[in-house]
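Same order as they appear, the protein sequences are chains P and B. Numbers in the working numbering are just positions in the first sequence, counted from 1, shifted up by 11. Numbers in the working numbering are just positions in the second sequence, counted from 1, shifted up by 11.
Since the hints were derived computationally from the structure, they do not count as laboratory data. What you are looking at is a predicted structure, and each value in this text was computed from that prediction instead of being measured. Glycine included, each C-beta is placed from N, C-alpha and C at the ideal position. Hints should not be assumed to be uniformly reliable.
List of simulated lysine to aspartate or glutamate pairs, DMTMM-like, C-alpha gap at most 25 Å [what the hints assert, rightly or not]: (1) P:K296 x P:E357; (2) P:K296 x P:E173; (3) B:K46 x P:E173; (4) B:K46 x P:D84; (5) P:K46 x B:D32; (6) P:K46 x B:E433; (7) P:K46 x B:D84.
Some chain B residues well away from chain P (every beta-carbon gap over 10 Å; in silico) [stated by the list, open to error]: (8) S47; (9) A219; (10) G230; (11) T267.
2 protein chains.
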Amino acid sequence: MITQASTSVARDRIAAAYSPDLIGRLAHQLADQLKSHFQMVMRSNGNVLNWNVPAVNLACAHQHLEQEQIEADPTHPDFAEQVGQRFASLVQTILDRSHNLHDPRYIGHQVPASSPLAALFDAVGSATNQVMAIYEMGPWASAVERSVVEAVGEQIGLTRGEFAGLITHGGSLANLTGLLTARNVRLAQSWESGVARPGRPPVLVVHADAHYGITRSAGILGIGTQQVIRAPLDERRRMEPRQLDQLLTDLRNASTPVVAVAACACATPIGAFDPLPDIVEVCRKHDVWLHVDAAHGGAAAFSDRYRHLVAGLADADSFICDAHKMMFVPALCAFVFYRNPSHRFEAFRQDAPYLFDPTTPGDTADFDSGLTTIECTKRAAAYGLWGLWSLFGRQLFADLVDTTFDLGRRFAEILHEAHDFECLYEPQCNIVVFRYIPDELRNSPPQQVGEFNRRIRRRLIESGEFYIVQTNINGIGALRITIINPLTTEDHLRGLLDAIRQTARDISSSRPPLAD
Amino acid sequence: MITQASTSVARDRIAAAYSPDLIGRLAHQLADQLKSHFQMVMRSNGNVLNWNVPAVNLACAHQHLEQEQIEADPTHPDFAEQVGQRFASLVQTILDRSHNLHDPRYIGHQVPASSPLAALFDAVGSATNQVMAIYEMGPWASAVERSVVEAVGEQIGLTRGEFAGLITHGGSLANLTGLLTARNVRLAQSWESGVARPGRPPVLVVHADAHYGITRSAGILGIGTQQVIRAPLDERRRMEPRQLDQLLTDLRNASTPVVAVAACACATPIGAFDPLPDIVEVCRKHDVWLHVDAAHGGAAAFSDRYRHLVAGLADADSFICDAHKMMFVPALCAFVFYRNPSHRFEAFRQDAPYLFDPTTPGDTADFDSGLTTIECTKRAAAYGLWGLWSLFGRQLFADLVDTTFDLGRRFAEILHEAHDFECLYEPQCNIVVFRYIPDELRNSPPQQVGEFNRRIRRRLIESGEFYIVQTNINGIGALRITIINPLTTEDHLRGLLDAIRQTARDISSSRPPLAD
Numbered sequence: 012m013i014t015q016a017s018t019s020v021a022r023d024r025i026a027a028a029y030s031p032d033l034i035g036r037l038a039h040q041l042a043d044q045l046k047s048h049f050q051m052v053m054r055s056n057g058n059v060l061n062w063n064v065p066a067v068n069l070a071c072a073h074q075h076l077e078q079e080q081i082e083a084d085p086t087h088p089d090f091a092e093q094v095g096q097r098f099a100s101l102v103q104t105i106l107d108r109s110h111n112l113h114d115p116r117y118i119g120h121q122v123p124a125s126s127p128l129a130a131l132f133d134a135v136g137s138a139t140n141q142v143m144a145i146y147e148m149g150p151w152a153s154a155v156e157r158s159v160v161e162a163v164g165e166q167i168g169l170t171r172g173e174f175a176g177l178i179t180h181g182g183s184l185a186n187l188t189g190l191l192t193a194r195n196v197r198l199a200q201s202w203e204s205g206v207a208r209p210g211r212p213p214v215l216v217v218h219a220d221a222h223y224g225i226t227r228s229a230g231i232l233g234i235g236t237q238q239v240i241r242a243p244l245d246e247r248r249r250m251e252p253r254q255l256d257q258l259l260t261d262l263r264n265a266s267t268p269v270v271a272v273a274a275c276a277c278a279t280p281i282g283a284f285d286p287l288p289d290i291v292e293v294c295r296k297h298d299v300w301l302h303v304d305a306a307h308g309g310a311a312a313f314s315d316r317y318r319h320l321v322a323g324l325a326d327a328d329s330f331i332c333d334a335h336k337m338m339f340v341p342a343l344c345a346f347v348f349y350r351n352p353s354h355r356f357e358a359f360r361q362d363a364p365y366l367f368d369p370t371t372p373g374d375t376a377d378f379d380s381g382l383t384t385i386e387c388t389k390r391a392a393a394y395g396l397w398g399l400w401s402l403f404g405r406q407l408f409a410d411l412v413d414t415t416f417d418l419g420r421r422f423a424e425i426l427h428e429a430h431d432f433e434c435l436y437e438p439q440c441n442i443v444v445f446r447y448i449p450d451e452l453r454n455s456p457p458q459q460v461g462e463f464n465r466r467i468r469r470r471l472i473e474s475g476e477f478y479i480v481q482t483n484i485n486g487i488g489a490l491r492i493t494i495i496n497p498l499t500t501e502d503h504l505r506g507l508l509d510a511i512r513q514t515a516r517d518i519s520s521s522r523p524p525l526a527d
Numbered sequence: 012m013i014t015q016a017s018t019s020v021a022r023d024r025i026a027a028a029y030s031p032d033l034i035g036r037l038a039h040q041l042a043d044q045l046k047s048h049f050q051m052v053m054r055s056n057g058n059v060l061n062w063n064v065p066a067v068n069l070a071c072a073h074q075h076l077e078q079e080q081i082e083a084d085p086t087h088p089d090f091a092e093q094v095g096q097r098f099a100s101l102v103q104t105i106l107d108r109s110h111n112l113h114d115p116r117y118i119g120h121q122v123p124a125s126s127p128l129a130a131l132f133d134a135v136g137s138a139t140n141q142v143m144a145i146y147e148m149g150p151w152a153s154a155v156e157r158s159v160v161e162a163v164g165e166q167i168g169l170t171r172g173e174f175a176g177l178i179t180h181g182g183s184l185a186n187l188t189g190l191l192t193a194r195n196v197r198l199a200q201s202w203e204s205g206v207a208r209p210g211r212p213p214v215l216v217v218h219a220d221a222h223y224g225i226t227r228s229a230g231i232l233g234i235g236t237q238q239v240i241r242a243p244l245d246e247r248r249r250m251e252p253r254q255l256d257q258l259l260t261d262l263r264n265a266s267t268p269v270v271a272v273a274a275c276a277c278a279t280p281i282g283a284f285d286p287l288p289d290i291v292e293v294c295r296k297h298d299v300w301l302h303v304d305a306a307h308g309g310a311a312a313f314s315d316r317y318r319h320l321v322a323g324l325a326d327a328d329s330f331i332c333d334a335h336k337m338m339f340v341p342a343l344c345a346f347v348f349y350r351n352p353s354h355r356f357e358a359f360r361q362d363a364p365y366l367f368d369p370t371t372p373g374d375t376a377d378f379d380s381g382l383t384t385i386e387c388t389k390r391a392a393a394y395g396l397w398g399l400w401s402l403f404g405r406q407l408f409a410d411l412v413d414t415t416f417d418l419g420r421r422f423a424e425i426l427h428e429a430h431d432f433e434c435l436y437e438p439q440c441n442i443v444v445f446r447y448i449p450d451e452l453r454n455s456p457p458q459q460v461g462e463f464n465r466r467i468r469r470r471l472i473e474s475g476e477f478y479i480v481q482t483n484i485n486g487i488g489a490l491r492i493t494i495i496n497p498l499t500t501e502d503h504l505r506g507l508l509d510a511i512r513q514t515a516r517d518i519s520s521s522r523p524p525l526a527d
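Here chain P stands alone, though its shape is the one from the complex (with noise of 0.2 Å):
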């Protein structure tokens, strides 16, 4: 059959999916499938991860790409009721094979239980397909980004009208982003003529734990990832300022080039925060680029109780902070601070005749967001922040922010009271690392004591019955959390350790751990 646009039936089934009165048919039947979901994941009904093997899942998602075309005519009436049932299903088929990051069980990755308010606003962008690149294209939504970029950057301690920032998709691509303004700034003509120079070859100085992200940046920005240097810690992780002083200090002496140091607040494996001031100084001493992945850490500065924690933070060259984290608003949302202003333009420059009108109105141009982003054509990530924001007030963020960091420091002193866990760190945030070791382990080797807690950690989340993560300290496997999910109560994490044991106990006796 050949197909034509002009036949009746295509134009029907565009007009089908462009239809008000189906678009408000579908939202009202959404509104009561999403109250129904939450009610039952915030109060545990269910699992927190539905667990199926990729080719379970990816047979079912192939199944309703395939299915029959929906029999009646779009012009009929049984059409939306048709449209209806199948919006139903499909959404019902995704809320049930969904991981329920709203069950407070959920204690995993730094990835929230977001407010669902928030995903409400960025509904409206959705819907409306508001995006950014030039201002005109999407003015109201270049214009709630800037908003939101001036009030968390006052927020964290910076001036409005000195500073400035932008959102992108992503902690990888924030950090990518500042990092690649230093290379540019600190290595002349590198975005011109390459990254290629006589000399010794540049490095890039990271926490030692710093994120895959920043390290990879090495790889994707030509100066290589074996040009990562990683610099010490202290006992609790966290960049030691001493002897970042002596590697800049030697760097300097073998005539190395720095294209700069990236701290964090926090680092992702036990949720370190670097003495900033500190490392601030160090920096300026040795003329040297500061970028400081806040992702996790830098709405700390919201609570009156936990800002301590990013003092300084404002003082770095960059930095970034993930709204998707800390400030519980779906992913993505970053953001890319820089304490210069005019480093906004560093990053990228290109001519595109197309989209940057030379006619444009007075500062407009200032609100391109194509100019400083990597993407051109940029979604209103800042919707969900903004709205939600706008209804509640900044006092929501520190909330969070309180209840969450709170709560690992009272888990910790949980750990500490059992007699079967081990707490690894004191926690500085609400990530907490620790590892089980039931009296039978005792006295076995780490790395077995490690591999019992991944068999003891797949088991269980497969399980539905708690999601947690894990990782690797000093090469051994640990337990790791993320209370990121304001649900979460005491209670619940009492509850884990008990799972835990349970746990144990059904591998130990169907299979003795020391055998593995």
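Dock chain B against chain P, hints included.
Just chain B now, kept in the frame of chain P:
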């Protein structure tokens, strides 16, 4: 006042931000607001672009952030009512200040009037904050992404099981990912050791009209923007295979390493589709990596009538396709495809023990998106596409391509019939470039005609009557439209010509154009 998370006020505020009842209530409100909005916009009852200068929009955005907290106690029944009122007002503010892409008089950038139904699926992902990085974090999101990667790849001519693909946040990132892969494969050790190497510096050969995202990839990846060579075009602005052959011969004779050839399907300025089968042959002859930016045109593969435009695309080493362009889903959802599936692991390499768990069963690691995409935490960007496809079937995408591409050709005929307009190139798709040349400017210098067209456009878009864009063709300003709203008809396009004429008269009567 010292804030304490343990205060009941803080607990109640958090409970409100996570209340299923409030989610349901606000989502129902939103359903009604969206329905009314689309009814108005799709009937053109308002402005296309709601133009305000940045300062005005920014002040409004800040005003909402800074408003007083809601008076009622979160536990009081009045609270939900007050939140509902504020929510309605915030949503209305967004809608009133938006760019109305769903008005059929929006004929602007390569950003579609997306199907609002797709946004409802995105909203499910956003409300429940489904993300990826590792499979276990978002099993269903990972499976949905894989299913549409396979389905779209097959539609373009690849064979399931014999290729790889991924989704990332936008065409610029997709191109960067493909070109990073090319760099890592073709410049051995550039990931680990950096791009500096003995001998002639490497170059990137691009379509002379390539998008700035392609050329600036050379800046980001450490190759250098000066190392970009623009391949000559034919009279329809398509890459010319014989001249490409000569260029690659010259480069080989000069021992200059070539990172990749970047062709277009189509290039942005006038929508030119490169002759891919010939380009593929030339690149294979020279053993050069071929990357194709098919961000806009890749979806032509869904149409029986226009599939020929992307013949040969599946033979490229890497190529991209934006579902948020001609598949009419909301931003951002961009595909990268690799003909050789093992190439997907060449772009990035990282070690993140807290993420990638060695006890992961079976083929699960193959679904860990963090290994192949620039994002670590990645939102479930494929939900909208998967949902729309599952609702209406793949025929919808064919209909959308046919409708808009057909109308592009029809617009060229209308321009040819009008004595006072010039169609600069026969359109190859839904992008058309033209100029208004009234009798009094027939003998004026081209630069003056170009400037007058720019002034017309600026005035026209700020009036809210139509939204079109502008470009430079050989240095001279021109008008440019993309028919990327399927509700746009021939009547709207005739109305555009009248509006341009009227705007020109308004300009001329207020200030003679020749005096500019």
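So, going through the hints one by one against the coordinates:
1. Taking the CA atoms of K296 (chain P) and E357 (chain P), the gap is near 23 Å; set against the 25 Å cutoff, the hint holds.
2. Annotation: proposed proximity of K296 (chain P) to E173 (chain P) holds, straight-line Cα distance about 23 Å (limit 25 Å).
3. With a C-alpha separation of about 42 Å, the suggested pair K46 (chain B) and E173 (chain P) falls outside the 25 Å cut-off, and the hint is violated.
4. Simply put, K46 (chain B) and D84 (chain P) have alpha-carbon atoms about 22 Å apart, close enough for the 25 Å limit, and the pair holds.
5. As the CA atoms of K46 (chain P) and D32 (chain B) are separated by approximately 6 Å, the hinted pair is consistent with the 25 Å bound.
6. Restraint check for K46 (chain P) and E433 (chain B): not satisfied, since their Cα atoms lie roughly 55 Å apart, outside the 25 Å limit.
7. With a C-alpha separation of about 22 Å, the suggested pairing of K46 (chain P) with D84 (chain B) holds against the 25 Å cut-off.
8. The claim that S47 (chain B) is not at the interface with chain P is violated, since a C-beta of that chain comes within 10 Å of its own (minimum 8 Å).
9. With a minimum CB-CB distance of about 13 Å to chain P, A219 (chain B) clears the 10 Å threshold, and the non-interface call stands.
10. Look at G230 (chain B): its CB is around 4 Å from the nearest CB on chain P, not clear of 10 Å, so calling it non-interface is violated.
11. Listed as a non-interface residue, T267 (chain B) keeps its Cβ farther than 10 Å from every Cβ of chain P; the least gap is roughly 13 Å.
Going down the numbered hints, you'll see the structure goes against 3, 6, 8, 10, while the others check out.
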